[in-house]
Amino acid sequence: MLRTVSKLWDSFKEYIILIILILTGLVFLSLNYTPAVKNLKAVAFGSFAAVTSLVSDAVNITKLKSENEKLRRQNAELMLQVNLLRYYGITNHELKDMLGYKDTVKYPLIPAHVVSKSLTASQSSLTLNVGISDSVKPGMPVVNGEGLIGIVHSVSENYSIVRTLKNRDLNITVKNERSRADAILKWNGEDLVLVDVPKTYDIEPGDRIITSDLSSIVAVPIGVGVVTQLSKVETGIFNEVKIKPFVDFIRVEHVFVLGIVESKQKNNLELNFYRMNR
Amino acid sequence: MRSQYFIPILIFFPLLLIQTTIMPFIQISGVVPDLILILLVFYSINNNQIYGTVLGFIFGFLFDIIAGILLGSGMISKTIAGFTAGYFSSETKRDVYLRSFSFSLIVLLCSFIDSILYSFFSASISAADISTNLILLFFEQGMLPGFYTAIISLIIVFFSPRRGLK
Numbered sequence: 104m105l106r107t108v109s110k111l112w113d114s115f116k117e118y119i120i121l122i123i124l125i126l127t128g129l130v131f132l133s134l135n136y137t138p139a140v141k142n143l144k145a146v147a148f149g150s151f152a153a154v155t156s157l158v159s160d161a162v163n164i165t166k167l168k169s170e171n172e173k174l175r176r177q178n179a180e181l182m183l184q185v186n187l188l189r190y191y192g193i194t195n196h197e198l199k200d201m202l203g204y205k206d207t208v209k210y211p212l213i214p215a216h217v218v219s220k221s222l223t224a225s226q227s228s229l230t231l232n233v234g235i236s237d238s239v240k241p242g243m244p245v246v247n248g249e250g251l252i253g254i255v256h257s258v259s260e261n262y263s264i265v266r267t268l269k270n271r272d273l274n275i276t277v278k279n280e281r282s283r284a285d286a287i288l289k290w291n292g293e294d295l296v297l298v299d300v301p302k303t304y305d306i307e308p309g310d311r312i313i314t315s316d317l318s319s320i321v322a323v324p325i326g327v328g329v330v331t332q333l334s335k336v337e338t339g340i341f342n343e344v345k346i347k348p349f350v351d352f353i354r355v356e357h358v359f360v361l362g363i364v365e366s367k368q369k370n371n372l373e374l375n376f377y378r379m380n381r
Numbered sequence: 029m030r031s032q033y034f035i036p037i038l039i040f041f042p043l044l045l046i047q048t049t050i051m052p053f054i055q056i057s058g059v060v061p062d063l064i065l066i067l068l069v070f071y072s073i074n075n076n077q078i079y080g081t082v083l084g085f086i087f088g089f090l091f092d093i094i095a096g097i098l099l100g101s102g103m104i105s106k107t108i109a110g111f112t113a114g115y116f117s118s119e120t121k122r123d124v125y126l127r128s129f130s131f132s133l134i135v136l137l138c139s140f141i142d143s144i145l146y147s148f149f150s151a152s153i154s155a156a157d158i159s160t161n162l163i164l165l166f167f168e169q170g171m172l173p174g175f176y177t178a179i180i181s182l183i184i185v186f187f188s189p190r191r192g193l194k
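From first to last, the protein sequence lines are chains Y and R. Okay, so the first sequence: first residue is 104 according to my numbering, each after it adds one. Okay, so the second sequence: first residue is 29 according to my numbering, each after it adds one.
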């Protein structure tokens, strides 16, 4: 018996080890959402991100000169835009007052810097240099001047990991800014798409897509992208709508974490995708 | 256990640092070369198939927890990539494989396997959605990263100790 086992081991040890390791990997896959694995990840990426941020800073210094030039130009353009928006804001405020609206929403912005990027076709994520000590919590939206980048997924003391929109794990309720039609936004591995959009919905190429107030993850209106193509499905009742995101996820460096997490009351009322997957 | 077995694990950390900070600057359409895989293939050929398999598992585990992504997907894909690379570790042909363009072809094969498996596991486990076109999966998530990684691996071929290309 022992000899047979020994013979088998000698003949197939490479395959036996391979199978054992694959099975171990599958076990780890099933343990992803357990607190122990989450803590292990938080400690590991937190420690490594501290080193990464040093290298990232050094690399960025070389780019500062050209970036300063670009920022100065952008600053001037923004100044003109701000003046215009200020005028619109005053007008809007007056009109809202007249209608009896109570505008109480104030969104705290936490500035952050991207210290590393994990770019894969299915699970792109960013590491930011802000964490629990900066009041960052899982579930907070991450934005820049162009629009929504993603959602904070896990945090350590000084760092956090953001799942970008180009991540299969992230589905967000969005709406068409023009027609107000709501839909689910997801990343299919190739494109950002609105899925299961009824053919009767009023959506056209060029429409701006923003986050919907129905969303249990990001309930404030933030720009997401623009409709580029409607893939008309011959059979069935749904269309698939392709979206070009406003944000260039590859070049993103400076971001803001929006210091809001959707209210518990609302979360308890809804089937919250994010909460279910945490 | 011989101490040189641990050298690739020590090299892994600075390489991961480069992978996450500098490599994004040379991305092409979101595709970045996988330096970790090149390291894995190099040491798998240099040692043996069992070593390559175990090293792939360790690299995958470290990458998954440090990058904060789905734990297990990288472990499985890198394990199988290391196992595949280990096929080319025969005593007689080791030098030929490491110091010729064959090395890049082996990297291409392993990177292709690694990318496809990684995409498959992360897609099927996280979203239970395998609606992505299989041919698209084959090219965009397998061939493109594979080719790019293989091209970068030519550096190893050119700068290997003997320099000569067989």
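Any given hint might turn out to be false.
[As the list claims (entries may be wrong)] Some chain R residues judged to face chain Y by a derived CB distance under 7 Å, without partners named:
| # | residue |
| --- | --- |
| 1 | F34 |
| 2 | L38 |
| 3 | P42 |
| 4 | T49 |
| 5 | I54 |
| 6 | G58 |
| 7 | N74 |
| 8 | N75 |
| 9 | G96 |
| 10 | L98 |
| 11 | G100 |
| 12 | I104 |
| 13 | Y115 |
| 14 | S117 |
| 15 | T120 |
| 16 | L137 |
For the record, the hints were derived by calculation from the structure and aren't laboratory data. Backbone N, C-alpha and C define an ideal beta-carbon position, used for all residues, glycine too.
Here's how the hints hold up against the structure:
With a cut of 7 Å, the hint placing R:F34 at the interface with chain Y is violated, because the nearest CB-to-CB distance is about 18 Å. Annotation: interface hint on R:L38 violated; nearest CB of chain Y at approximately 14 Å, more than 7 Å. The interface hint given for R:P42 is violated, since its Cβ lies 9 Å from the closest Cβ of chain Y, which is over the 7 Å cut-off. A hinted interface residue such as R:T49 counts as satisfied when its beta carbon comes closer than 7 Å to some beta carbon of chain Y; here the least separation is about 5 Å, so the hint holds.
With 7 Å as the threshold, the beta carbon of R:I54 stays out of range of chain Y, its nearest partner Cβ sitting at about 11 Å, so the hint is violated. A hinted interface residue such as R:G58 counts as satisfied when its beta carbon comes closer than 7 Å to some beta carbon of chain Y; here the least separation is about 6 Å, so the hint holds. Hint status for R:N74 relative to chain Y: violated, with the closest Cβ pair at about 16 Å, above 7 Å. Look at R:N75: its Cβ only gets to about 12 Å from chain Y, farther than 7 Å, so that hint breaks.
Checking R:G96 against chain Y: minimum C-beta separation of about 4 Å stays under 7 Å; hint holds. Against a cut-off of 7 Å between C-beta atoms, the interface hint on R:L98 holds, since the closest Cβ of chain Y lies about 6 Å away. Proximity of R:G100 to chain Y holds as hinted, the smallest CB-CB distance being about 3 Å (cut-off 7 Å). With 7 Å as the threshold, the beta carbon of R:I104 comes within range of chain Y, its nearest partner Cβ sitting at about 4 Å, so the hint holds.
Here the hint on R:Y115 is broken, as its CB sits about 9 Å from the closest CB of chain Y, past 7 Å. Interface restraint check for R:S117: the shortest CB-CB distance to chain Y comes to about 11 Å, outside 7 Å, so the restraint is violated. The criterion of a C-beta within 7 Å of any C-beta in chain Y is not met by R:T120, whose closest approach is roughly 18 Å, and the hint is violated. Interface restraint check for R:L137: the shortest CB-CB distance to chain Y comes to about 16 Å, outside 7 Å, so the restraint is violated.
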